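These are the residues of each chain, in order.
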Amino acid sequence: MGMFYQPAVLDQVGAAVPATWDEWAAVGAELAGAGVLMDSFPLADASPFAAYATQAGASWFTAEEDGWVIDMTDEATMKVAAFFDAAIDDGIVTTAYGAYTPAWFSAAADGKIASVATGSWGDALIEGVSGASGKWKVAPLPTWDTGYASSFLGGSTAAILANSQHPAEALDFAVWMTTTEAGVNALIEFCGIGWSPARDVVGTLREKPSTFFSGQNYNQEVFVPATKESSQNQDWSWWPVTQQSFNILSDGFRGKASGGTLVDAVAQAEKDIIAVMRNKGLSIRKAGA
Amino acid sequence: MSAATQTRRRSASSGATKRAPWVLLFPFLALFLLTFVVPILMALVSSFTKVTRGGLFGEAGVVTEFAGLDNYAQVVGDPNFVASIGRMFLFGVVQVPVMLILCTVLALLLESASAKWPGVFRAAYFLPYGVPGVIATILWSFLYVPGLSPIIDVAEVVGVSPDFLGANTVLWSIANIVTWSYTGYNMLIVIAQLKSIPVELYEAAKVDGASPLRVATSIQLPLIRPALLLTAVFSIIGTLQLFAEAQVLQRVAPAIDSQYTPNLSAYTTAFAYNDYTVAAAQSVLIALVAFTLSIVFLTITNRKSA
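If you're matching them up, the sequences are chains A and B in order.
Mapping the first sequence onto the numbering used here, position 233 (from 1) lands on 233, and the numbers just tick up by one.
Mapping the second sequence onto the numbering used here, position 104 (from 1) lands on 104, and the numbers just tick up by one.
Please note that a few of the clues may not be correct.
The list that follows gives simulated cross-link-like pairs (lysine to aspartate or glutamate, EDC-like), each with its CA atoms no further than 20 Å apart [to be verified]:
1. Lys112(A) to Asp78(B)
2. Lys280(A) to Asp78(B)
3. Lys280(A) to Asp70(B)
4. Lys271(A) to Asp78(B)
5. Lys112(A) to Asp163(B)
6. Lys280(A) to Glu156(B)
7. Lys286(A) to Asp264(A)
8. Lys112(A) to Asp11(A)
9. Lys286(A) to Glu64(A)
10. Lys280(A) to Glu65(B)
11. Lys112(A) to Glu156(B)
To give an idea of the chain B side of the interface with chain A (calculated C-beta under 8 Å), a few residues [stated by the list, open to error]:
12. Gly147
13. Ala255
14. Tyr267
15. Ala270
Chain B regions said to be covered by chain A (calculated; three or more residues, Cβ under 8 Å) [said to hold, decoys possible]:
16. 161-167
17. 245-253
Keep in mind the hints are simulated off the structure, nothing from the lab.
These numbers come from a predicted model, not from an experiment.
Glycine is no exception: its CB is placed at the ideal position from the N, C-alpha and C atoms.
Let the hints inform the model, and build the full structure from the sequences given.
Structure (structure tokens):
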């Protein structure tokens with residue numbers, strides 16, 4: 001992940017690019033005074049929240065011998081939840097819409113939203129903001145006082161289905177597509193996305209500065225360092241009912257609009273997710289229990 | 001011709017007469033069974049089963065077993081699902097009367113003697129029904145989304161900033177779309193009934209010197225009652241089945257959660273969570289609620305007329 005931002009908008013309040021989330025909140029408070037939002041916080045999509053918690057060092061699920069161990073109410077997650085509770089209350093972020101919705105594109109084009117913390121794939125979407133060429137740059141994701149330099153949001157996978165008639169050939173193709181210069185270049189050109197899992201291949205296009213992003217060589221400057229093993233939380237693992245868990249979490253987040261808090265929503269979501277896993281017949285226990 | 005052959009022929013032809021309806025009915029019955037009865041039975045059966053899994057991802061075995069009323073207990077115990085039914089109840093109590101009054105007024109106006117170009121207006125009012133719910137919602141969402149909506153832009157000039165997609169308002173934004181879509185359709189049903197009123201009644205009213213308003217209240221309204229009951233029951237069932245509008249508007253309205261309407265809830269449970277048995281229980285409950293509400297409505301209205 002990185003932080004895409006509009007330098008001209010930050011300049012309105014004379015703010016430097018924030019390196020930590022605390023600085024981010026301080027800049028956001030100044031922008032809020034000028035009627036500009038720092039970012040959006042989607043109540044309807046819990047994945048950015050999960051990404052921030054991952055960055056802070058959370059590890060919600062662990063696979064043990066006796067089944068899953070859940071820990072969503074650890075210190076890192078609670079810190080992130082309380083931080084965004086405050087950011088929402090202070091009007092630093094909007095909850096009315098998430099990034100890349102029609103309302104967001106409109107606000108971004110009007111300079112009413114200063115930045116978006118998002119995955120490397122956000123570049124292709126930001127290029128869709130009308131009249132935005134030369135107005136955006138990219139900085140590393142702000143950091144917490146714990147955890148890691150960056151995080152990850154979204155992603156895609158190349159899978160071979162069980163009934164494939166040529167599984168070996170399909171595997172060869174998937175490896176070629178995701179790890180060779182030619183394959184990754186084709187992914188960028190024809191799909192617009194695809195960060196190579198191969199350490200040394202980022203794609204020819206991503207080695208050069210971008211005219212759209214003010215001539216910044218942002219992939220080399222920001223995203224290559226962000227993909228380093230030490231920049232990412234390696235303890236995070238995904239679990240079987242991810243989609244449902246995120247829905248439960250976001251259904252709880254929606255309560256924020258009517259006086260609830262993210263902190264309470266996370267605690268309640270943990271209980272609900274345990275029930276859902278048990279209903280599926282999977283074994284799960286709370287960490288430390 | 002002997003009496004015996006005659007009897008045989010008659011019995012042969014009566015056998016064919018007996019078979020004929022079944023042969024003619026077969027295409028319908030086959031489709032009816034396959035696409036209606038069997039799916040309902042399968043949903044019923046599956047609503048009483050439960051899938052349990054072993055291991056971290058179910059790799060140690062997946063077992064389907066009889067669950068009794070477990071799924072139903074889970075559904076009824078799910079506050080979000082119960083809330084979605086309550087939400088639709090609130091929606092129906094407001095939206096259905098508004099729509100029916102609107103469609104009746106439009107129908108009476110178009111059928112009144114002084115109406116100009118009734119054919120053009122009838123077509124115009126009916127037109128929104130021709131727009132699929134998904135498209136209608138996309139069209140309306142451009143009028144709801146801040147930054148895109150000309151309505152909000154104009155309102156802000158006057159100093160108000162309406163939030164069409166907020167937690168408390170989005171339900172009525174959906175109601176607006178539904179009313180826009182279906183008023184014309186219901187209006188046509190009412191017009192059809194109005195057209196079946198014998199001309200003699202109007203003539204008699206004219207002879208008695210009844211005003212157009214009096215004609216409407218004393219002749220037309222009582223006689224279109226059956227059409228209004230029909231549209232009301234359709235609307236009650238339609239309200240509980242609300243789905244496309246909420247699902248499409250979800251993309252721009254964070255207030256719409258994954259269980260906003262009962263059908264959306266069943267859809268999410270089945271296709272996002274792969275929990276088909278619980279989704280089946282939800283579907284059965286939605287059908288039961290729709291059935292009960294329709295019966296209650298008809299009983300109340302029949303009692304009133306008796």
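Here is how each hint holds up against the structure:
Distance hint between Lys112(A) and Asp78(B) is unfulfilled; the C-alpha atoms sit about 39 Å from each other, more than 20 Å. About 15 Å separates the Cα atoms of Lys280(A) and Asp78(B), which keeps this hinted pair within 20 Å; it holds. As the CA atoms of Lys280(A) and Asp70(B) are separated by approximately 12 Å, the hinted pair is consistent with the 20 Å bound. With a CA separation close to 13 Å, the supplied pair Lys271(A) and Asp78(B) stays within the 20 Å bound.
Of the supplied pair hints, the one linking Lys112(A) and Asp163(B) holds, its CA atoms being roughly 17 Å apart against a limit of 20 Å. Distance restraint check for Lys280(A) and Glu156(B): the Cα-Cα separation of roughly 50 Å exceeds the 20 Å cut-off, and the hinted pair is therefore not satisfied. Taken as a hint, the Lys286(A) and Asp264(A) pair is honoured in the structure, with Cα atoms around 17 Å apart against an allowance of 20 Å. Note on Lys112(A) and Asp11(A): the hinted pairing holds, with a Cα-Cα distance of about 13 Å set against a maximum of 20 Å.
Among the hinted pairs, Lys286(A) with Glu64(A) is consistent with the structure: their alpha-carbon atoms are about 12 Å apart, no more than 20 Å. For the given pair, Lys280(A) sits about 12 Å from Glu65(B) by alpha-carbon distance, which is consistent with the 20 Å threshold. Between Lys112(A) and Glu156(B), the direct Cα distance comes to roughly 16 Å. Compliance with the 20 Å bound is thereby established for this hinted pair. A hinted interface residue such as Gly147(B) counts as satisfied when its beta carbon comes closer than 8 Å to some beta carbon of chain A; here the least separation is about 3 Å, so the hint holds.
Proximity of Ala255(B) to chain A holds as hinted, the smallest CB-CB distance being about 6 Å (cut-off 8 Å). A cut of 8 Å between beta carbons decides the hint on Tyr267(B): the least distance to chain A is about 12 Å, and the hint is violated. With its C-beta approaching chain A no nearer than about 12 Å, Ala270(B) sits outside the 8 Å limit, and its interface hint is violated. Figure legend: the region 161-167 of chain B, annotated as covered by chain A; annotation consistent (4 residues with Cβ-Cβ distances under 8 Å, at least 3 required).
With a cut-off of 8 Å between beta carbons, the region 245-253 of chain B has 3 residues touching chain A; three or more are needed, and the interface restraint holds.
Checked against the numbered hints listed earlier, the structure breaks hints 1, 6, 14 and 15; every other hint is satisfied.
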